[in-house]
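Student: Two independent chains are provided; combine them into the complex using the hints.
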Amino acid sequence: MTLLDAQTLSRLQGVKLRARAVMEGVLSGLHKSPHQGQSVEFAEHKEYAPGDELRHLDWKAYGKFDKYYIKRFEHETNLRSVMVVDASASMGYRSGVLSKLEVSTILAGALCYLLVRQQDAAGLAVMVGDAFKDVPPRASAGHLNVLLDALEHIQAQGTTNLAGAADHLAEVLPRRSTVIVLSDLLDERQDALKRILALRQRKNDVVLFHVVDPAELTFPFDDPTLFLDMEGDSRIEVNPREIKESYLEEFGAFLASVKSACAEADVDYELVRTDERLDEVLLRFLGRRGRRR
Amino acid sequence: MIFGNPWMLVGALGALIPLLVHLFDRRRPRPHPFPPMAFVLRSQKRTASRLKLKRLLLYALRTLILLAIPVALARPELRKDAQAAAVAKGPAATALVLDASLSMRWGKDSSLFERGRDEARDALKDLQADEPSTVLVCTSTPAAPPPPGFDRARLRAIIDEAKPTYGTADLSRCMEMAARALEENPTPGKRLVLISDMTASAFRLEAPPPTVKDPTGKLVRPEVVLRDVVSGQEALPNHALVDMKIESALQAGPRAFQFTFTVKNHGPEALKDLEAAVRVGESTLAKGFVDVPANGTAQKTLTVRFPQGGTVEGAVTLAPDELPEDDQRAFVLPVPRALKALVVNGAPHATRYRDEAFFVEAALSAPGSPVEVAVRDTDAGLRENFSAYDLVLLLNVSPPSPEDAERLASFVDAGGGLFVSMGDRVDPDAYNKRLGTLLPRALRLVRTSVEREDPEAETKSAKLAQVEVEHPLFSPFTGRAEEGLVGARFYRYMLLEADSPAAAGTSQVLATYEDGAPAVAVARRGKGRVALFTSTVDRDWSDFAIRTSFLPLMQRFAAYLTGSLEERVEQRVRVGETVTLRPEGGQAIAAVRAPDGTELPVKAQQDGSLVAGPVVEPGLHAVLGAEGKPLQALDFPVTLDPAESDLTRVPTDTLTAYFGEETVKASSSDAERPKVPLWTWLIVAACAAFFLEGTLLRK
Numbered sequence: 001m002t003l004l005d006a007q008t009l010s011r012l013q014g015v016k017l018r019a020r021a022v023m024e025g026v027l028s029g030l031h032k033s034p035h036q037g038q039s040v041e042f043a044e045h046k047e048y049a050p051g052d053e054l055r056h057l058d059w060k061a062y063g064k065f066d067k068y069y070i071k072r073f074e075h076e077t078n079l080r081s082v083m084v085v086d087a088s089a090s091m092g093y094r095s096g097v098l099s100k101l102e103v104s105t106i107l108a109g110a111l112c113y114l115l116v117r118q119q120d121a122a123g124l125a126v127m128v129g130d131a132f133k134d135v136p137p138r139a140s141a142g143h144l145n146v147l148l149d150a151l152e153h154i155q156a157q158g159t160t161n162l163a164g165a166a167d168h169l170a171e172v173l174p175r176r177s178t179v180i181v182l183s184d185l186l187d188e189r190q191d192a193l194k195r196i197l198a199l200r201q202r203k204n205d206v207v208l209f210h211v212v213d214p215a216e217l218t219f220p221f222d223d224p225t226l227f228l229d230m231e232g233d234s235r236i237e238v239n240p241r242e243i244k245e246s247y248l249e250e251f252g253a254f255l256a257s258v259k260s261a262c263a264e265a266d267v268d269y270e271l272v273r274t275d276e277r278l279d280e281v282l283l284r285f286l287g288r289r290g291r292r293r
Numbered sequence: 001m002i003f004g005n006p007w008m009l010v011g012a013l014g015a016l017i018p019l020l021v022h023l024f025d026r027r028r029p030r031p032h033p034f035p036p037m038a039f040v041l042r043s044q045k046r047t048a049s050r051l052k053l054k055r056l057l058l059y060a061l062r063t064l065i066l067l068a069i070p071v072a073l074a075r076p077e078l079r080k081d082a083q084a085a086a087v088a089k090g091p092a093a094t095a096l097v098l099d100a101s102l103s104m105r106w107g108k109d110s111s112l113f114e115r116g117r118d119e120a121r122d123a124l125k126d127l128q129a130d131e132p133s134t135v136l137v138c139t140s141t142p143a144a145p146p147p148p149g150f151d152r153a154r155l156r157a158i159i160d161e162a163k164p165t166y167g168t169a170d171l172s173r174c175m176e177m178a179a180r181a182l183e184e185n186p187t188p189g190k191r192l193v194l195i196s197d198m199t200a201s202a203f204r205l206e207a208p209p210p211t212v213k214d215p216t217g218k219l220v221r222p223e224v225v226l227r228d229v230v231s232g233q234e235a236l237p238n239h240a241l242v243d244m245k246i247e248s249a250l251q252a253g254p255r256a257f258q259f260t261f262t263v264k265n266h267g268p269e270a271l272k273d274l275e276a277a278v279r280v281g282e283s284t285l286a287k288g289f290v291d292v293p294a295n296g297t298a299q300k301t302l303t304v305r306f307p308q309g310g311t312v313e314g315a316v317t318l319a320p321d322e323l324p325e326d327d328q329r330a331f332v333l334p335v336p337r338a339l340k341a342l343v344v345n346g347a348p349h350a351t352r353y354r355d356e357a358f359f360v361e362a363a364l365s366a367p368g369s370p371v372e373v374a375v376r377d378t379d380a381g382l383r384e385n386f387s388a389y390d391l392v393l394l395l396n397v398s399p400p401s402p403e404d405a406e407r408l409a410s411f412v413d414a415g416g417g418l419f420v421s422m423g424d425r426v427d428p429d430a431y432n433k434r435l436g437t438l439l440p441r442a443l444r445l446v447r448t449s450v451e452r453e454d455p456e457a458e459t460k461s462a463k464l465a466q467v468e469v470e471h472p473l474f475s476p477f478t479g480r481a482e483e484g485l486v487g488a489r490f491y492r493y494m495l496l497e498a499d500s501p502a503a504a505g506t507s508q509v510l511a512t513y514e515d516g517a518p519a520v521a522v523a524r525r526g527k528g529r530v531a532l533f534t535s536t537v538d539r540d541w542s543d544f545a546i547r548t549s550f551l552p553l554m555q556r557f558a559a560y561l562t563g564s565l566e567e568r569v570e571q572r573v574r575v576g577e578t579v580t581l582r583p584e585g586g587q588a589i590a591a592v593r594a595p596d597g598t599e600l601p602v603k604a605q606q607d608g609s610l611v612a613g614p615v616v617e618p619g620l621h622a623v624l625g626a627e628g629k630p631l632q633a634l635d636f637p638v639t640l641d642p643a644e645s646d647l648t649r650v651p652t653d654t655l656t657a658y659f660g661e662e663t664v665k666a667s668s669s670d671a672e673r674p675k676v677p678l679w680t681w682l683i684v685a686a687c688a689a690f691f692l693e694g695t696l697l698r699k
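Chains A and B supply the protein sequences, listed in that same order. Residues 1 to 293 (our numbering) make up the first sequence, in order. Residues 1 to 699 (our numbering) make up the second sequence, in order.
The shape of chain B in the complex, shown without the other chains (with noise of 0.2 angstroms):
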């Protein structure tokens, strides 16, 4: 016997009322001379032993009515002893299977895992003193139970020990581990216990049940005792962010981001108005409102415009529910900061359309760009101090001389951005000479594929032919947005050198022409970068300036130059999976920390990364440096398994074809309980009570 609400069981006490009445609150009857008094006597006399029946039951009624009703506030379920039918058979070794997978965290003032660990106790209760038993707590990855033994102390600090983990368990496994540990007990009985919510996701039913061999070797299905702890459901209803993508929403602003997330609802009713937002600590930077179907998903996109760069970690929630853990998701997001760029015009003209610069500072200060443009001329450009700036950019610049050179690489080797443009003032052995050392390949020689006055010169002018797409920096023209990119047509443009034996690897050509040449290269030069444009920015050896890829083209230069551009993917960890951690430029990796503050373990790999995990929790996981310092790009966030919000539970029947009709002796499911839980036919004592007491009061 089980009770919804123990408390209400001190209501029960009011079933003294009745006796205390009787005993300390008898009023003093009225005297009263009668002349008829042998009337009364003998009426008295005659009704005495019916009087005397009819107030006993009376007082039992009154005690029933007053017993009754808090026993039945407290919402007994009567539980049949799941062990009793197994009794006749003698004894069995035992196996308890306690599923400890995410599902079983569902409920709200106590979980499952609750309820799965008092079924535990209650089977380890209900064997008998001769029968040998185990435990096995089913997580992903299980370890084997101890063999079976007498040591209940043992194996009942086992339960009270367990927890409910964060992912998926493999409920199939766990029984044939349980079945292969009951194989070496010398007891002829065997017996499984699976204690779980019966989710359909933690099982494979397409595997064969559980074995054991038996004393001649022959393979037996054990007995299975299935404990249902999901009590009078048929479903576990629940939703769940399922999915999340975060990208640049340029349209509002330089630092704006759409969070588009999916919520699968996994209940039979429809949700409406489930809230979603976007939190930054405690600070909810959007909110929103999303109508799920039932059974059925939808997906919401909320805009977030961040106040400053910088990487920022925050969640995306909905409105919780029973399982809370798969409605929030974290996330890790590097904002583009405010950036200052130098833009040197090596060919500056009165008409600002002809101007070398025009269309650069044009596109980088845009509407919603990051980047402040400052422009000067060749020689002022070059005299600038180039640490105040995070971008430089040579436009058709004449060979700086060699102490700018200089200043130029020690700029780009703290950390700074160049953008190298080609026109008919750049001269190539110069420029290799003086800056070959920071280029990512030498410049060779001009080519004009036709002259731009020449009426063939549509046809016969260079394109675009080979795109690295999966570059970041090229990475949103695909589509109907490349051609904007692949219909520039140039006229000149300059060929580069190959690149080097000794330096191979160090450049990376990003986009090619039909001839192959590289149209961009890029390169890595200390802590900075530096990228060659083979041709001007203006429109002297291109039409490209006033394409429509010409804009965003330099704004994501600009920002990948500065390192503001995420360049490396997004990890996508889940419970249970290990994480690989790349530190960049010689940084050390102290630990990395889970969000409930325990440390995951961290193993160097050959090529200098390093592997952390297996990860166990959701959420954000910190990366620490050297003396604890963090490291924020390094922080990534841990989702869950979307399959294990998935709470379709197995049918009973199923569960029992499964494992064999005839194996399954006793089972707690809720089939099998009665249709009416106890409690209401308590309300039914109560109501029948009351109204023979009444009808025994009139009477």
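Next comes chain A alone, as it looks inside the complex (with noise of 0.2 angstroms):
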């Protein structure tokens, strides 16, 4: 599997062959593939328990054992899910090989193939600055190449507006869909991720894949620096080892922060390094959905 890692990634010129690899990556590792799609297949029996539905009774069991039995399926509705995908330009960030804009880019990448090949809608919503490019979901293959090439040319710019975002989704997208952010939620905003957890009182289904550079979280510098504002005009020239401590501490507090806010509101939370190799981070993601239902 380590063609998958950052490096090789990088290697890979654009979105639909670094999706497409992160893709048949995650299929090579499933042993048996827990989404049939809208194919209602039988799964198993269960004893009829009060509150059942009354049309899932298997009769013909009833007529050989003489005793109730509910019949279960593997699937029971379509998937219609949006990835949002955060450009603002803290996103362009690197301090490997890929951006967070190029992580979050192949993520959405790879989750639309998925998608797609299990005959669900997937659709786009690009965040840049307060502008939103939208792409409506489709369950049709013809569909990918769509949301593929509108991934293709997402530029990072602008500032990251997290509740312009959640705004706009509460908008256009109709009520129990799959709503996949991609962000790495530096809104200074105060009630900017709330905004976008609220979807999820909107009987929808929020996943947050919360992308992160390693240089975030490590914070490895040593010589005096002159630190740059990537979304506004602030600077700042420190010696990082003598704020380090701090920092870690501030960058920790949020990162818990964004995680807790997350478990209460009922939202899968998903932290992504960027040097992380990103089959790992889908099938990692897959395998908690799957325990979750």
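Hints may be right or wrong, so weigh each one.
As the list claims (entries may be wrong) - Selected chain B positions facing chain A (Cβ under 8 angstroms, derived; list incomplete):
{"no.": "1", "residue": "P29"}
{"no.": "2", "residue": "P31"}
{"no.": "3", "residue": "H32"}
{"no.": "4", "residue": "A38"}
{"no.": "5", "residue": "V40"}
{"no.": "6", "residue": "R42"}
{"no.": "7", "residue": "F203"}
{"no.": "8", "residue": "N295"}
{"no.": "9", "residue": "Q299"}
{"no.": "10", "residue": "K300"}
{"no.": "11", "residue": "V509"}
{"no.": "12", "residue": "T512"}
What the hints assert, rightly or not - Here are the computed lysine to aspartate or glutamate pairs in the EDC-like style, where the Cα-Cα straight-line distance is at most 16 angstroms:
{"no.": "13", "chain 1": "A", "residue 1": "K46", "chain 2": "A", "residue 2": "D58"}
{"no.": "14", "chain 1": "B", "residue 1": "K54", "chain 2": "A", "residue 2": "E242"}
{"no.": "15", "chain 1": "B", "residue 1": "K45", "chain 2": "A", "residue 2": "D58"}
As the list claims (entries may be wrong) - Only some residues are given here: those of chain B computed to face chain A with a beta carbon under 8 angstroms:
{"no.": "16", "residue": "P35"}
{"no.": "17", "residue": "M37"}
{"no.": "18", "residue": "R46"}
{"no.": "19", "residue": "S49"}
Keep in mind that the hints were calculated from the coordinates and are not lab data. Remember, predicted model here, so these are calculated numbers, not experimental data. C-beta atoms are modelled at their ideal positions from N, C-alpha and C, and glycine is treated no differently.
Tutor: Printed below as a string of structure tokens:
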């Protein structure tokens, strides 16, 4: 599986190739896909208990065994998913070979592959400052190319506006959609994260991929450095060794607060380091989703 | 505060390095776009005050490290103001007593006396404006100090001009003199400040401590301030050459001498392979090594053979220590020169051992003897030109003709030596007639104690009874060596007339027989000397010629009669003493010059001698005759008092008890100083700062 490390992915040109490579890595890592798409297949019998829907009673089994059994199926509904990709300037930061935005687009592309392959509808919403580029969700195979093309041309620019994205999605998305947000969440506005998480209250399934660079996690600077804000004009000259401890405390608290808020809002949270293998990120995510169901 | 290595303080400029680095060596920060800028800003804001404090602390610690190390290397010591305690008591008339004894010369780079002068200046500076003061420089002959006054400049000049001496100093006496000087002053308080190395030899602790009269006439003890110039040392190690003896070493050659000297080690450490040498001018004639136990003595002997005769001036030296003055001693040594002797054989014989001159020639020509012998018979001998010889020996010679007698007298008068021995050819009357003025005493007649062939000759023969062993001629014949002299048997000898009253004292009898008759008589005639041996120098009248004492005695006769044998007693002069000089033959002494070139005061005495001194410096003192001509034979070495080489110090407790515990108010003695010098604390501070700096950097 070494093909899928960040170095290898960086050598592949375009989101299509990268997303496909990740998706194939994911598929080969699954022994049996639990996502069977629309084809409703019998999975098992379960003894009837009060409250179970009567329409799923297996009358043939009743005739044979004189007992009530309920039929259970692998999938019951079609998925309608929207990838929300943060394309603010801060997402363009990289300390290694892949920027946060590149990682986000690869992950989004790989997920689109998986969804379309299962004949679920996949859409895209790209946050570029206060503006949004939408690709409505569809389940056709031809739609995949549209999605991947859109991902291919995303440029990091502007400021992060999570609250604006939340408002926009609330308007355009029907209820019970799956919203997959890929962002670094570096939005200083007070209720930005809350507004995203509030999508869950609208019966949407919300998944948050928190993309961070290793340098943001470890602050590996030694020499006196002039730090420049990527989304504003502020700058500061500091000796990194002197503030490292304090920075790591602050950033650790931020990650903890995000994770805690997601848990409270029943939102799936996945911390993604840009130097991680992305197939493993997806397998980890899918495995957890499977256990939840 | 004083510094042992003050030049090290230059390194303290290094303390400016952190400031200079801060001002001029600021590195340009690398710009770096970073997304979580808000966290960086918050962290910086949160840590700003702490960082500022940390930076300040780091700066202070680094400055402390760079400052403490050079200051520590400068070896600072904190000196308490000795007078501070006394200020509260009111003004006191103060006398500073500065020890200027030899022991204050101790020290390699700077002497104790230099430190003492600094202490004296400090003590003067510490005085209050209303305290009259005086200074006494304590030497072996201290001058009374000027009355206490307020002219500090004059006192400073006295201190600046003071020099350490080579003699002892009686500090007890000096303190007493200083106390007397304070007595006249009306200021009620009296204070004595003693600046010394506190060596035991300088104090007479059995004498009462100094006292002064108070206004009521009652004797009270003045306040005493002890300023010890020996900082941090309980004892001052020193080795010294305390004694030296020079003896001829005939076994090593005609002009060989043994230098036997005693080395005393006054230190607690044993000395190993201490170099000792005999030097003349720049050349080293002999060198050896000596081991001296701690606080013990050792003797060393070096043998030197001088290539030629004459007066030799040199020094015996030891490897120098902190007090080099007592590591050497000068000497003046008369080395016998080569002598030519004419032996006039009055009774030659074909058989060598029966020849009159056989034994004398053998003795004078023995290996190691400086004498070159020419033997002639009577006729040939008396025709010789005597002035070509240093010594003429008339052995049983028939009375010389009046002309020959006249020539002999002239020879002696001009400085020649004449030895006359008896025998059957000597006619007393003719001798008296022709050589009467030359001989020490007139001859009378021959006396026979016993015939040689007599069976009882052994017991009846005469023997030497009284010998002047104090005289240089007989000085070696003491102890066992005397047996060879007094064991000789004399069967026949010439009796001499008594000294005539007119010429009393001109001759000297150095040995007599048992009956009191003279055996050896000597006399000075003009510049020369004459010796008369009243028996024979062969075996006709005695068996002395075959005795062990015969050979050395004949050689000493030769040396004595030619003036080569040191007759005068070695001058043993110590610093501080006077020396009596006895010029010979009407020599005039113009000056006596010390090693440093200064001239000693010389005073003529009634007996013709001169008294020079007192001498103030050790080493060789030169005596100059008329027109500045050196009179080497009168030169004399001056030595130090060995007691002053012992630098054992009096414990402070003892001194405090001696002067009175209630009067010794402030002492700068070692005992009252902190055990740990200031510089060790600085090193500790630097180490602590280094550790803290490292800890702060890691945080």
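Student: Now tell me if each hint is right for this structure.
Tutor: Outcome of the hint check:
1. Taken as an interface hint, B/P29 checks out: its beta carbon lies about 4 angstroms from the nearest beta carbon of chain A, inside 8 angstroms.
2. Satisfaction of the interface hint for B/P31 is found here, the shortest Cβ-Cβ separation to chain A being roughly 4 angstroms, below the 8 angstroms cut-off.
3. At a threshold of 8 angstroms, the smallest CB-CB gap from B/H32 to chain A is about 5 angstroms, leaving the interface hint in force.
4. Checking B/A38 against chain A by beta carbon gives a least distance of about 6 angstroms; that is within 8 angstroms, so the hint holds.
5. Of the supplied interface hints, the one on B/V40 holds, with its beta-carbon coming within about 5 angstroms of a beta-carbon of chain A, less than 8 angstroms.
6. The closest approach between the C-beta of B/R42 and any C-beta of chain A is roughly 6 angstroms, which is under the 8 angstroms cut-off, so the hint is satisfied.
7. Hint status for B/F203: violated, given a least beta-carbon distance of 67 angstroms to chain A, over 8 angstroms.
8. Because the closest C-beta pair between B/N295 and chain A is about 63 angstroms apart, greater than 8 angstroms, the hint is violated.
9. The criterion of a C-beta within 8 angstroms of any C-beta in chain A is not met by B/Q299, whose closest approach is roughly 74 angstroms, and the hint is violated.
10. Evaluation of the B/K300 hint against chain A yields a violated restraint, the C-beta minimum of about 71 angstroms exceeding 8 angstroms.
11. Annotation: interface hint on B/V509 violated; nearest CB of chain A at approximately 109 angstroms, more than 8 angstroms.
12. This hint is violated: B/T512 has a C-beta 111 angstroms from the nearest C-beta of chain A, more than the 8 angstroms allowed.
13. A threshold of 16 angstroms between alpha carbons decides the hint, and for A/K46 with A/D58 the separation of about 10 angstroms falls inside it, so the pair holds.
14. Between B/K54 and A/E242 the CA atoms are separated by roughly 10 angstroms; this keeps the pair inside 16 angstroms, and the hint holds.
15. Taken as a hint, the B/K45 and A/D58 pair is broken in the structure, with Cα atoms around 69 angstroms apart against an allowance of 16 angstroms.
16. Taking 8 angstroms as the C-beta contact cut-off toward chain A, the hint placing B/P35 at the interface holds, the least distance being around 4 angstroms.
17. For B/M37, the shortest C-beta to C-beta distance to chain A is roughly 4 angstroms, which falls under 8 angstroms, so the interface hint holds.
18. Given hint, B/R46 at the interface with chain A, holds; its Cβ is 5 angstroms from that chain's nearest Cβ, closer than 8 angstroms.
19. Because the closest C-beta pair between B/S49 and chain A is about 12 angstroms apart, greater than 8 angstroms, the hint is violated.
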